[in-house]
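Quick mapping for you: the protein sequence lines, in order, are chains A and B. Heads up: the first sequence begins at 0 in numbering that gives the first Met the number 0, then just goes up one per residue. Heads up: the second sequence begins at 0 in numbering that gives the first Met the number 0, then just goes up one per residue.
Don't take every hint at face value.
[As the list claims (entries may be wrong)] Here are some, though not all, of the chain B residues that point toward chain A, as calculated from beta-carbon distances under 10 Å:
hint: 1; residue: Leu-118
hint: 2; residue: Thr-158
hint: 3; residue: Gln-204
[Said to hold, decoys possible] Pairwise CB distance ranges (calculated):
hint: 4; chain 1: B; residue 1: Thr-158; chain 2: A; residue 2: Arg-94; range: 14 to 22 Å
hint: 5; chain 1: A; residue 1: Leu-99; chain 2: B; residue 2: Glu-161; range: 25 to 33 Å
hint: 6; chain 1: B; residue 1: Asp-169; chain 2: A; residue 2: Glu-101; range: 40 to 48 Å
Keep in mind that the hints were calculated from the coordinates and are not lab data. None of the values given here were measured: they were computed from a predicted structure. Beta carbons are placed, not taken as given, at the ideal position from N, Cα and C, and that holds for glycine.
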Amino acid sequence: MSYPASGAGSGASLADILERVLDRGVVIVGDIRINLLDIELLTIKLRLIVASVERAEQMGIDWWRDDPSLSAGARRREVDRENREKNREQHELARENAELRERIAALEGGRDALEDRKEESP
Amino acid sequence: MTTLENNGRLTYAYAVLRRGARPPAGLVGIGEAPVHTVAEGRLAALVSAVPAAEFDQPQVRERLEDLAWLEATARAHRRVVDEAAAEVGVLPLRLVTVYHDEDSVRAALVAHAERFGRLLARLDGRLEWGVKAYAQATEGRPAAGHEPAARRPAAEAETGREFLRRRLRDRKVKDSARQEADGLARTVHDTLTQAAEDSRLHRPQDPKLAEAVAASGAADGDGHAPAGSRAAVVRGPNLLNGAYLVRREEAGAFAERVGELAARSPALRIELTGPWAPYSFTDLPDEAP
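This is chain A alone, in the form it adopts within the complex (with noise of 0.2 Å):
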């Protein structure tokens, strides 16, 4: 390129390019037809940006997914999260309480025994 100062710039990137060709600049209507209605050019972009973010997932992108301030899915995921957190929590608990009480029983049990035991040997 012959721009005396394009070094200064940091470089047209792509998303610059579309930025101005496709927002801006004289319309006017060719022979051939195309309505490049703002709404149309929305559509243009929406595509590219949904295309590229399954593109971002596959390279391993996808931070957003997890931040409950960006996503719906992760604040239900979050709330999903601590609602298993806390049962689980409960689970646990009733475990270890109905295994501390068969411990106590068993205990009580041995202890029973071995008194028996002491009766029948005077």
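Model the placement of chain B on the given structure of chain A, informed by the hints.
Frame of chain A, contents of chain B only:
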């Protein structure tokens, strides 16, 4: 339909210029086709032949949704318009302005002669510069004082809830930093507006667009592979997306001014692009005689 008569070719118009203006020689357009001028009255258009198979209805609508095709077309369009603009005054046309043949281009030049002439006179000798300001990533700023490490259970990772609370606090800190950066961005715009002949504020560029383009693996303007979409994330939100109309001979001074502003505003990341043809200034108000 003239399509068949023209051997399956249509005429793509890139820009309008004054008749007799000499754009750089050897411009190539879409599909590497040579660009030439079609003159009518006091105006001329930069055109090249494009295949009807791609640009006729309804194919072209579908093509616009094809990122690879859109990219190639947009780059070629930009190259022709901006390389011509670097040397002569041009009026950039919007992407995909296509005619059946060169006679139709002449008819369009006649139909819009008055408006085109006025815009060209107003824009003659000026180029557009794009300046974007982004909030600088504030990851280095901890949510200090909120969470003494000693209060955390020793040798135990944060629970999900603690993690999320910390994230929320971090976000609040970032919000105030963001307001500060917003104010700085406004100052940058005001200063550059004074340094330029005219300016336009565009809506902030959707970071998703830049990310999307980066994720598509497209190379940037210099042909380098993009740094990756993570770079777009780290760059922070776009706070200023301005276009500035600057006289060709004042480009150096303008770029210097941008450099000064960038040096003075560490909370912002300021990017300069250009020179562009005056894409953002084709809406100049009608100056009724």
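Each hint tested on the structure:
About 7 Å separates the beta-carbon of Leu-118 (chain B) from the nearest beta-carbon of chain A, less than 10 Å, and the hint is met. Because the closest C-beta pair between Thr-158 (chain B) and chain A is about 8 Å apart, less than 10 Å, the hint holds. Residue-level restraint check for Gln-204 (chain B) holds (minimum Cβ-Cβ distance to chain A is 6 Å; threshold 10 Å). A C-beta distance of roughly 21 Å is found between Thr-158 (chain B) and Arg-94 (chain A), which places it inside the suggested range of 14 to 22 Å.
For Leu-99 (chain A) paired with Glu-161 (chain B), a C-beta distance near 29 Å keeps the hint of 25 to 33 Å intact. Roughly 47 Å separates the CB atoms of Asp-169 (chain B) and Glu-101 (chain A), a value that falls within the hinted 40 to 48 Å.
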